[in-house]
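Colleague: Line by line, the protein sequences are chains X and W. Numbering follows my numbering, with no gaps: position 85 of the first sequence is 85. Numbering follows my numbering, with no gaps: position 84 of the second sequence is 84.
There may be inaccurate statements among the hints.
[As the list claims (entries may be wrong)] Taking lysine-lysine pairs in the DSS-like style, the calculated list, with each CA pair at most 30 Å apart, reads:
| id | chain 1 | residue 1 | chain 2 | residue 2 |
| --- | --- | --- | --- | --- |
| 1 | W | Lys91 | X | Lys91 |
| 2 | X | Lys63 | X | Lys16 |
| 3 | X | Lys91 | X | Lys63 |
| 4 | X | Lys91 | W | Lys63 |
| 5 | X | Lys16 | W | Lys63 |
| 6 | W | Lys16 | W | Lys91 |
| 7 | W | Lys16 | X | Lys22 |
| 8 | X | Lys72 | W | Lys16 |
| 9 | X | Lys11 | W | Lys63 |
| 10 | W | Lys16 | X | Lys16 |
| 11 | X | Lys22 | W | Lys63 |
| 12 | X | Lys72 | W | Lys11 |
| 13 | W | Lys63 | W | Lys11 |
| 14 | X | Lys11 | X | Lys22 |
| 15 | W | Lys22 | W | Lys11 |
| 16 | W | Lys16 | X | Lys63 |
| 17 | X | Lys16 | X | Lys91 |
| 18 | W | Lys22 | W | Lys63 |
| 19 | X | Lys22 | X | Lys72 |
| 20 | X | Lys16 | W | Lys22 |
| 21 | X | Lys63 | X | Lys22 |
| 22 | W | Lys63 | W | Lys16 |
| 23 | W | Lys22 | W | Lys72 |
| 24 | X | Lys22 | W | Lys11 |
| 25 | X | Lys72 | X | Lys16 |
| 26 | W | Lys72 | W | Lys11 |
| 27 | X | Lys63 | W | Lys91 |
| 28 | X | Lys63 | W | Lys63 |
| 29 | W | Lys16 | W | Lys72 |
| 30 | X | Lys91 | X | Lys72 |
| 31 | X | Lys63 | W | Lys22 |
| 32 | X | Lys22 | X | Lys91 |
| 33 | W | Lys72 | X | Lys22 |
| 34 | X | Lys11 | X | Lys72 |
| 35 | X | Lys72 | W | Lys72 |
| 36 | W | Lys16 | X | Lys91 |
| 37 | X | Lys16 | W | Lys72 |
I should point out that these hints are in silico values taken from the structure, not numbers from a laboratory.
Protein chains: 2
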Amino acid sequence: MTCVPVNFEEKFSRFKELWSPKVVAQMNDYQFKLVRVQGEFVWHDHPDTDETFIVMDGELEIKFRDGSVTLKSGEMFVVPRGIEHCPVAEKECRIMVIEPAGVVNTGDTGGDLTADNDVWI
Amino acid sequence: MTCVPVNFEEKFSRFKELWSPKVVAQMNDYQFKLVRVQGEFVWHDHPDTDETFIVMDGELEIKFRDGSVTLKSGEMFVVPRGIEHCPVAEKECRIMVIEPAGVVNTGDTGGDLTADNDVWI
């Protein structure tokens, strides 16, 4: 047994890039990804899977076509599959995203903010 | 869209029982369960799934037959499927467990600490 805990602070200290998910753990075929976010992302959806957001530090708004949810540190939300959403953070915010391995951050929308997948730290 | 975030503090304020997982969210067929723990649990494993532990507050030791890992607030660990483990917390500790819906907290071991499953708060 490799018995090293994942420490979120320590992992976040290893990178500064925004909108660039870093995988820190995997459970079955699901991955835990730490992400620094600031500004507005792109509208997209994930047709085949729900997607979990947990805010570790800061504040994140997730806009939907018919509403929005605002998450503060210590809060989470599960975006259902197929629901278009657009994450926004006025100030830099640190989040954890949990979703199946292989899910692309921009869904089918693509564009400049599409990050490399499966990057572990 | 129902747009209410899950606030961990608020959810924990709703129950006091130990070793009694409360479901707060579901992503596909996986559930997020908040648990208050103190003392020593029972040795068990989950032959069909990994199991994720995140410590929200306090300190949790997870003992294995050949070692252990100690998690503090802001740390996580994924126990691989089939690995016998026994969670222990000297003082009360608040954790989140993430695993497929239907997983029983004591695995195949059973006993008095077996909790009702799929209890939402």
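Colleague: Now tell me if each hint is right for this structure.
Modeller: How the hints compare with the structure:
no. : hint              : result
1   : W:Lys91 / X:Lys91 : violated, 36 Å
2   : X:Lys63 / X:Lys16 : holds, 24 Å
3   : X:Lys91 / X:Lys63 : holds, 16 Å
4   : X:Lys91 / W:Lys63 : violated, 40 Å
5   : X:Lys16 / W:Lys63 : violated, 34 Å
6   : W:Lys16 / W:Lys91 : holds, 14 Å
7   : W:Lys16 / X:Lys22 : violated, 35 Å
8   : X:Lys72 / W:Lys16 : holds, 24 Å
9   : X:Lys11 / W:Lys63 : holds, 24 Å
10  : W:Lys16 / X:Lys16 : violated, 39 Å
11  : X:Lys22 / W:Lys63 : holds, 28 Å
12  : X:Lys72 / W:Lys11 : holds, 15 Å
13  : W:Lys63 / W:Lys11 : holds, 27 Å
14  : X:Lys11 / X:Lys22 : holds, 9 Å
15  : W:Lys22 / W:Lys11 : holds, 9 Å
16  : W:Lys16 / X:Lys63 : violated, 34 Å
17  : X:Lys16 / X:Lys91 : holds, 14 Å
18  : W:Lys22 / W:Lys63 : holds, 23 Å
19  : X:Lys22 / X:Lys72 : holds, 21 Å
20  : X:Lys16 / W:Lys22 : violated, 35 Å
21  : X:Lys63 / X:Lys22 : holds, 23 Å
22  : W:Lys63 / W:Lys16 : holds, 24 Å
23  : W:Lys22 / W:Lys72 : holds, 21 Å
24  : X:Lys22 / W:Lys11 : holds, 28 Å
25  : X:Lys72 / X:Lys16 : holds, 20 Å
26  : W:Lys72 / W:Lys11 : holds, 20 Å
27  : X:Lys63 / W:Lys91 : violated, 40 Å
28  : X:Lys63 / W:Lys63 : violated, 42 Å
29  : W:Lys16 / W:Lys72 : holds, 20 Å
30  : X:Lys91 / X:Lys72 : holds, 12 Å
31  : X:Lys63 / W:Lys22 : holds, 28 Å
32  : X:Lys22 / X:Lys91 : holds, 20 Å
33  : W:Lys72 / X:Lys22 : holds, 21 Å
34  : X:Lys11 / X:Lys72 : holds, 20 Å
35  : X:Lys72 / W:Lys72 : holds, 21 Å
36  : W:Lys16 / X:Lys91 : violated, 35 Å
37  : X:Lys16 / W:Lys72 : holds, 24 Å
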